[in-house]
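Q: Start from the sequences and build out the full structure, keeping to the hints where you can.
2 protein chains.
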Amino acid sequence: MGAKTSFSMVHEVHVVNIEQASNSELQAELAALQTKYSQLRSLGLKLDLTRGKPGSEQLNLSDALDGILQGDYTASDGSDVRNYGGIDGLPEAKKLFGAMLGTSPEQTLIGGNSSLTLMYHTLEFALTEGIAGSQSAWGNSDSVKFMCPSPGYDRHFAICEHLGIEMIAVPMLDTGPDMDVVEGLVREDDTIKGMWCVPRFSNPTGCVYSFDTVERIAALGKLAGENFLVMWDNAYTVHALSETTSTLAPISELCAKHGTADSVFQFGSTSKITFAGSGVAFLSSSERNLSALKAHLAFQTIGPDKVNQLRHVRFLQNLETVFSHMAKHANILQPRFNSVLKTLDAELSGMGMGSWTRPEGGYFISFDAGPGLAKKIVQLADDIGVKLTPAGATYPYGDDPQDSNIRLAPSFPSLEDVQACVDVFVVCVKLASVQQKLS
Amino acid sequence: MGAKTSFSMVHEVHVVNIEQASNSELQAELAALQTKYSQLRSLGLKLDLTRGKPGSEQLNLSDALDGILQGDYTASDGSDVRNYGGIDGLPEAKKLFGAMLGTSPEQTLIGGNSSLTLMYHTLEFALTEGIAGSQSAWGNSDSVKFMCPSPGYDRHFAICEHLGIEMIAVPMLDTGPDMDVVEGLVREDDTIKGMWCVPRFSNPTGCVYSFDTVERIAALGKLAGENFLVMWDNAYTVHALSETTSTLAPISELCAKHGTADSVFQFGSTSKITFAGSGVAFLSSSERNLSALKAHLAFQTIGPDKVNQLRHVRFLQNLETVFSHMAKHANILQPRFNSVLKTLDAELSGMGMGSWTRPEGGYFISFDAGPGLAKKIVQLADDIGVKLTPAGATYPYGDDPQDSNIRLAPSFPSLEDVQACVDVFVVCVKLASVQQKLS
Numbered sequence: 002m003g004a005k006t007s008f009s010m011v012h013e014v015h016v017v018n019i020e021q022a023s024n025s026e027l028q029a030e031l032a033a034l035q036t037k038y039s040q041l042r043s044l045g046l047k048l049d050l051t052r053g054k055p056g057s058e059q060l061n062l063s064d065a066l067d068g069i070l071q072g073d074y075t076a077s078d079g080s081d082v083r084n085y086g087g088i089d090g091l092p093e094a095k096k097l098f099g100a101m102l103g104t105s106p107e108q109t110l111i112g113g114n115s116s117l118t119l120m121y122h123t124l125e126f127a128l129t130e131g132i133a134g135s136q137s138a139w140g141n142s143d144s145v146k147f148m149c150p151s152p153g154y155d156r157h158f159a160i161c162e163h164l165g166i167e168m169i170a171v172p173m174l175d176t177g178p179d180m181d182v183v184e185g186l187v188r189e190d191d192t193i194k195g196m197w198c199v200p201r202f203s204n205p206t207g208c209v210y211s212f213d214t215v216e217r218i219a220a221l222g223k224l225a226g227e228n229f230l231v232m233w234d235n236a237y238t239v240h241a242l243s244e245t246t247s248t249l250a251p252i253s254e255l256c257a258k259h260g261t262a263d264s265v266f267q268f269g270s271t272s273k274i275t276f277a278g279s280g281v282a283f284l285s286s287s288e289r290n291l292s293a294l295k296a297h298l299a300f301q302t303i304g305p306d307k308v309n310q311l312r313h314v315r316f317l318q319n320l321e322t323v324f325s326h327m328a329k330h331a332n333i334l335q336p337r338f339n340s341v342l343k344t345l346d347a348e349l350s351g352m353g354m355g356s357w358t359r360p361e362g363g364y365f366i367s368f369d370a371g372p373g374l375a376k377k378i379v380q381l382a383d384d385i386g387v388k389l390t391p392a393g394a395t396y397p398y399g400d401d402p403q404d405s406n407i408r409l410a411p412s413f414p415s416l417e418d419v420q421a422c423v424d425v426f427v428v429c430v431k432l433a434s435v436q437q438k439l440s
Numbered sequence: 002m003g004a005k006t007s008f009s010m011v012h013e014v015h016v017v018n019i020e021q022a023s024n025s026e027l028q029a030e031l032a033a034l035q036t037k038y039s040q041l042r043s044l045g046l047k048l049d050l051t052r053g054k055p056g057s058e059q060l061n062l063s064d065a066l067d068g069i070l071q072g073d074y075t076a077s078d079g080s081d082v083r084n085y086g087g088i089d090g091l092p093e094a095k096k097l098f099g100a101m102l103g104t105s106p107e108q109t110l111i112g113g114n115s116s117l118t119l120m121y122h123t124l125e126f127a128l129t130e131g132i133a134g135s136q137s138a139w140g141n142s143d144s145v146k147f148m149c150p151s152p153g154y155d156r157h158f159a160i161c162e163h164l165g166i167e168m169i170a171v172p173m174l175d176t177g178p179d180m181d182v183v184e185g186l187v188r189e190d191d192t193i194k195g196m197w198c199v200p201r202f203s204n205p206t207g208c209v210y211s212f213d214t215v216e217r218i219a220a221l222g223k224l225a226g227e228n229f230l231v232m233w234d235n236a237y238t239v240h241a242l243s244e245t246t247s248t249l250a251p252i253s254e255l256c257a258k259h260g261t262a263d264s265v266f267q268f269g270s271t272s273k274i275t276f277a278g279s280g281v282a283f284l285s286s287s288e289r290n291l292s293a294l295k296a297h298l299a300f301q302t303i304g305p306d307k308v309n310q311l312r313h314v315r316f317l318q319n320l321e322t323v324f325s326h327m328a329k330h331a332n333i334l335q336p337r338f339n340s341v342l343k344t345l346d347a348e349l350s351g352m353g354m355g356s357w358t359r360p361e362g363g364y365f366i367s368f369d370a371g372p373g374l375a376k377k378i379v380q381l382a383d384d385i386g387v388k389l390t391p392a393g394a395t396y397p398y399g400d401d402p403q404d405s406n407i408r409l410a411p412s413f414p415s416l417e418d419v420q421a422c423v424d425v426f427v428v429c430v431k432l433a434s435v436q437q438k439l440s
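Respectively, the protein sequence lines represent chains Y and B.
Residue 440 is where the first sequence ends in this note's numbering, and the numbering goes up by one at each step.
Residue 440 is where the second sequence ends in this note's numbering, and the numbering goes up by one at each step.
Among the clues, some could well be false.
The list treats identical chains as interchangeable, and a pair is accepted whether it falls inside one copy or across any two copies.
Using 25 Å as the maximum straight-line C-alpha spacing, the simulated DMTMM-like pairs for lysine to aspartate or glutamate come out as follows [stated by the list, open to error]:
| id | residue 1 | residue 2 |
| --- | --- | --- |
| 1 | K223 | E125 |
| 2 | K295 | E130 |
| 3 | K295 | D49 |
| 4 | K329 | D73 |
| 5 | K377 | D346 |
| 6 | K329 | D81 |
| 7 | K388 | D89 |
Simulated from the structure, these hints should not be mistaken for lab results.
Keep in mind it's a predicted model, so treat the numbers as computed, not measured.
A: Spelled out as structure tokens, the structure:
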């Protein structure tokens with residue numbers, strides 16, 4: 002996919018700030034952009050910037066996982082990890098992954114290869130059976146609502162939609178969800194049963210929730226009606242792009258302070274630490290919640306794959322070695338993020354055609370085009386062979402009321418392909434913006 | 002746990018046939034048995050014959066799994082198994098495990114490490130959402146019933162109980178479920194939505210369903226009301242104890258003949274082929290059913306662990322090598338089964354104190370004591386340190402109406418411990434039987 006040729010061409014187009022440009026300047030720009038767009042089309046690109054998948058170079062970092070056990074299948078408690086048993090995970094896995102979430106082994110449960118599965122089952126359990134007994138089941142009420150800070154993660158929203166939980170979009174600020182809005186909603190409406198959060202390097206904005214935001218979230222369990230649940234998806238907890246990044250306040254300590262431990266489930270996984278499809282997922286919550294969830298899960302599983310847990314603990318060892326390992330990921334990811342940011346800066350800064358985030362970690366850059374342009378931009382890119390995350394995907398029900406947000410996911414393609422994608426992207430942003438301005 | 006000493010002692014007790022013995026003979030036997038029982042108690046045994054777990058010698062057979070990939074993580078379709086994606090499994094896994102169930106790759110879906118999870122989600126999906134659309138959901142009706150050939154598998158029954166599906170026990174014959182009863186029920190009551198089956202080396206009787214039984218089960222989809230589901234848990238499909246065993250009729254072919262492919266879900270796993278807690282589970286059904294189930298599962302998983310699928314295919318290779326591998330399991334299991342059967346034969350044949358099965362494969366021997374004695378026998382054994390599967394566990398709701406059936410699971414303990422268990426068991430059977438006769 003001759004990515005190199007596209008790079009030089011894009012930089013020939015330099016529209017002035019769209020608000021200040023005259024009609025004839027815009028017309029000239031439009032013609033130039035249309036020419037560029039046609040040239041890009043002729044390259045026959047077939048690129049994909051849609052999903053937060055690690056690239057193969059990242060996956061190679063964990064190749065030692067397979068074979069690491071060297072015939073020693075005995076866990077720290079003496080159990081044979083090859084056999085049945087143990088629904089809550091190996092002691093050493095609970096210790097390591099509990100620490101990753103800032104909690105204790107006693108408050109940690111190890112799952113299979115997908116934290117999404119743990120989230121789904123937690124919500125389904127709270128909805129249909131009730132975490133604190135059947136009288137606590139959300140489904141006892143006709144209406145069950147969830148707050149969804151948006152832009153957010155489409156798979157979270159899909160779970161709610163599938164389970165019939167009504168979603169309320171809540172604005173995302175640089176500090177996390179707009180807590181004035183959140184607290185207002187929770188005070189007004191006791192059918193609101195929870196909120197999704199990706200607190201560190203949020204998907205897709207990349208923001209890290211501020212201390213104040215985390216503390217206010219930890220306190221929601223008191224403010225809200227009964228059986229309120231914060232779904233704290235800490236998917237990127239150790240996924241910084243550089244050594245100096247904002248820290249996340251420890252929600253479990255803040256919950257302890259506010260007496261709200263039962264109102265938060267934390268989730269994490271090694272999907273973007275080791276192998277995306279073959280990692281270890283985990284969750285933390287109060288011992289009351291874990292005990293109820295385990296009793297529920299016992300009907301549907303013989304317990305998660307303990308051999309893979311042991312592989313992961315032997316490979317990742319402790320938090321310090323995890324951080325060294327994650328630095329290797331950052332070395333691979335950072336050039337890809339820089340490629341996108343550098344091109345956006347060079348091509349779109351001060352043009353009045355959109356704004357974007359500069360994440361310190363995670364997997365995404367969030368781009369806000371002018372209102373009414375996201376779908377158009379995604380379509381323009383798709384038409385010339387560059388797949389972007391569908392416009393609207395970052396909002397509940399796929400409905401971005403401004404039709405403005407686009408999630409850019411630069412991790413998976415090669416560096417060269419990321420550059421080709423962003424080159425196409427800026428031409429599409431400009432073309433759509435100029436076309437709209439002229440229409 | 003000085004097992005050897007117990008062995009010699011047991012054989013001193015020889016009660017005559019309980020129906021023919023005089024009262025004084027029974028009194029003498031009772032005294033002798035009580036002495037033996039006290040002697041056994043003094044051994045301080047701590048043995049467990051409860052669950053169908055493979056022993057460590059069996060698990061060792063698959064130690065080559067870890068490390069078998071040797072850095073080659075590419076599946077036959079060129080995909081990188083380390084990354085996300087692929088909810089239905091690798092092509093080579095669908096081929097191998099589909100063949101194990103006698104179906105095609107197209108009719109096969111690969112799961113995680115637990116076929117129980119696949120069964121649970123299939124039933125929950127059929128109940129709450131409906132496999133053929135929402136109008137087909139069993140939950141639309143006030144009453145949902147399932148036929149449970151009994152004695153059967155307690156975890157099947159636990160799923161039904163947890164999901165609120167009413168269970169109807171159906172007698173098990175040597176040929177499988179009593180199909181006259183099954184067909185009669187299905188004709189009479191259209192709220193009966195399905196049936197559990199462990200068709201080969203049934204848990205716990207060990208029987209292999211006869212060709213006629215399988216064909217009649219395949220035809221149930223026509224006889225029964227709409228959306229009827231046979232849950233065909235072929236957990237022991239390749240688990241013969243010797244080379245010459247009864248074959249199981251191919252239900253998918255018989256379903257094709259009767260036009261009932263939508264009415265059967267087949268399940269299997271490598272839990273008792275490779276590692277019990279770290280194997281690969283799979284299911285087969287019609288393409289319509291698989292497509293619906295996949296759409297449902299997509300909300301709750303990123304897809305199963307493909308690295309482990311690839312490990313398993315590289316290790317197990319094809320059906321022929323699977324059979325060679327299973328012969329090694331049989332070599333380990335057969336002495337344990339023989340130990341139980343030899344002792345039962347020697348100690349209880351012709352005594353009128355119970356009957357037992359002689360399975361050609363699987364993990365269990367089913368023992369039927371005299372009516373009203375199973376709980377007593379299990380309690381007597383437990384009191385002197387030998388745990389047996391709880392009496393009643395093999396019946397829906399844990400309720401064996403005859404209080405007669407006891408499942409013996411000789412796979413996990415060492416051969417010496419199996420012998421010690423069965424020595425204790427026969428003393429407990431005799432003691433309970435004589436006590437009952439005298440009371």
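Q: Each hint needs a verdict: does it hold in this structure or not?
A: Results of checking the hints against the structure:
For a Cα distance limit of 25 Å, the shortest separation of K223 from E125 inside one copy, 23 Å, qualifies, whereas the shortest one across copies, 34 Å, does not. Within a single copy, K295 and E130 get their C-alpha atoms as close as 13 Å, and across copies as close as 24 Å, so both meet the 25 Å cut-off. For the identical chains of this complex, K295 and D49 are inter-copy neighbours only, at 24 Å across copies versus 39 Å inside a copy, given an alpha-carbon limit of 25 Å. For a Cα distance limit of 25 Å, the shortest separation of K329 from D73 across copies, 21 Å, qualifies, whereas the shortest one inside one copy, 28 Å, does not.
Taking CA atoms no more than 25 Å apart as the test, K377 paired with D346 passes inside one copy only; the shortest distance there is 21 Å, against 80 Å between copies. Proximity of K329 to D81 under the C-alpha cut-off of 25 Å is restricted to the inter-copy arrangement: shortest distance 20 Å between copies versus 32 Å within a copy. Taking the shortest Cα distances, K388 and D89 sit within 25 Å of each other only across copies (24 Å), while inside one copy they are farther apart (40 Å).
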